[in-house]
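Since the structure of chain A is provided, determine the placement of chain B on it from the hints.
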Amino acid sequence: MSLSSIMRLAGATALVGVSAFAVQAQTSGEPIKIGAIVSATGAGAGLGIPERNGMLLAEKTINAKGGINGRPIKLIVEDDASNPDTALSKANDLLFSQKVVALIGPSLTASTVAIGGVTHANKFPQIAFTGIGPAVEKERKCLAHILPPQKLNAQALLEYAKSIKATKIGVLHDAGYGNVVMAEIRLLAESYGVKLVAVEKFEVGATDTTTQAAKVKAAQPDAVFIIATSATPFRNVKQLQMTQPVVAAIGSSSYEYVNAMGPGADNVVIPEFVVGEDPLPHQKAFVDLYKQTYNSTPKNFEAAGWDAVHVMAQAIGKAGPNATPQAICDAMRGPYSGVLANFNFSADDMTGIPLSSFVFSKLVNGKYTRTPFRIAQ
Amino acid sequence: MTLSLVLQAVFAGVTNGMVYALVGMGLAAIFKGSRVINAMQGEFSVIGAMTTVLLLTKAGWPYPAAIAGGALAGALVGAFIEVAFVRYMAKKNASEDSFLLLTIGLALTLSASILFFVGRDGHLLPPLGGEGVLIVLDAVIQFHALWLIAIGIGATLLLRTFFHRTTVGLSMMAASIDADGAATTGINVARMRTFTFVLGGVLGAAGGILVTPLIGVDYQLGLNLTLKGFAAAVLGGLTNPLGAAVGGLTLGLVESLAIIGISSSYKDVVAFSVLIVIMILMPQGILGRAGRRGG
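Sequences listed follow chains A and B, in order.
Residue 176 in the working numbering sits at position 176 of the first sequence; the count goes up by one each step and never skips.
Positions in the second sequence are counted from 1; adding 1000 to them yields the working numbering.
Excised from the complex, chain A in its bound form:
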């Protein structure tokens, strides 16, 4: 973080302390140390950097409101460089050298699985920035997830297809994240009355997917799903003059990709959680504070960072001083109304996000707009 953004952060925090909460609450005593691991560099940096920004803002805000029962919190943020091995050594350091009371992160599923050997073995309270990954995670009862499992992302895409009465769907997906979501779509398609007329795969980071898009075009679908973390397929679909509605999974929802989509961004619909340009009423305070602090518009991962710190702080507060890790784990379970979604951390998928938490954004002239469509509870 640059000096100027630190200054802005400090300024905005002071502002929050004075305006939003009337009195600047005082914190005293030894800070409560919470460890965090994000991917601030490497392939996962698109997730880790916004998550870190959201977390740091939450730390300042919580401390300005009086911390946890009067004690300030102190976040110790580490970068795993998108590497599971690094995540593991950082986790060891945070748990055993820094003696943090709880852990937030990592950003990536592979890192989350990797550090389970340390966190799960010690029944250590942890909130990961991933949806539930492989089956092994079901055993980890001290772990909560702040982002939706891929099944939920698949359902959100299919719900939207149903709403526009698209029954023949063509899919362009990448071989990483896209593969996982696609597997869920295959399982669910029939129950939504959807026929997958063309499913075309491309490698992560492919610079051209025109031929795959042409195969989807030839199958004449009613709508096209794009599941990727890149702008390429969006441009190719446009270049082939395909006119079908395009619905994209949350993975490509950031200006980093949208700017690179060019005209391919037009009218793409994305099921996601936070449209910073037009937030839901309960998201507005966070969005405004974030804009003031960082001079940019937050999206899903910033909100995830914010929510993760708040959930953890609340659980630590509820468990009381000198609580055992198990007590914090137990306090973490249960419903939580966050900025990102309405969580229920006692659900089987350890996130409990309902489909009704999705909002659907549409890209118009390269900007996000929020559509009125929501999925009923």
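The hints are simulated quantities; they were obtained by calculation from the structure and are not laboratory data.
Warning: the hint list may mix true and false statements.
[To be verified] With the C-beta cut set under 8 Å, the calculated list includes, among others, these residues of chain B facing chain A:
#	residue
1	THR1002
2	LEU1005
3	ALA1009
4	LEU1124
5	VAL1140
6	ILE1215
7	SER1256
[Stated by the list, open to error] According to the in silico footprint, chain B covers these stretches of chain A (three or more CB under 8 Å from chain B):
#	stretch
8	200-210
9	251-265
We put the CB at the ideal spot given by N, CA and C, even for glycine.
Chain B alone, transformed into the frame defined by chain A:
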């Protein structure tokens, strides 16, 4: 499989192939002139394209001037790398492996620098010929892609003429084939090697600028281009820049036809199996023999 789908695959294959060819030609030119396998050839493309993007959007230069600026940036970085690193290492009789390691290191450093200074965002450039497209039997190709193919062919022919017909081109070849012999005939070997890197830098930058309207540019594009360009250059015969063009087109077409012929899931398996077979049957590359004769 319809005719239109096949044609679409051919359009995509030729377009991608020409991009691989431009990167591969730069690689082959540098290899031909200095025996250095340049693992940062794709970074030249990123530097050229990013410079053009910044000059166009941030400095407000007119597009042609920004393109010239991007190409110049490629040339300057190429010259700098030769003067600052390669020349020094060559004096100490560095091996081919050391040069490879140097360029791998430079590729990572440059990519990280672009990330640091320009950021993670992808950028596009305006297409030559506007957003217009040519439609043949329902298959679509952008005007820009046609420009890219035309300029790629032009560059290939120019490069061939340069190496065969000009004093500088011939001197560059001589300097790389037999440095001592060339020096005795009065050729400044070190300067020829600098020219080689300038040429590679310009070719790489041109490829990057041309491809950006189609695929966008970001800090991590370089490695991707280097790998495909390297495959193209080896396939065609590494000592022959013309071979890189043939290799690039072969690779592009095999990839896209594999998608429609078999399945996009097996695209790389099919494409690279074909490449392995070609390399077994023609270990010097498709045009490798011609290259040995100085082609």
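Structure versus earlier hints - violations, ascending order: none
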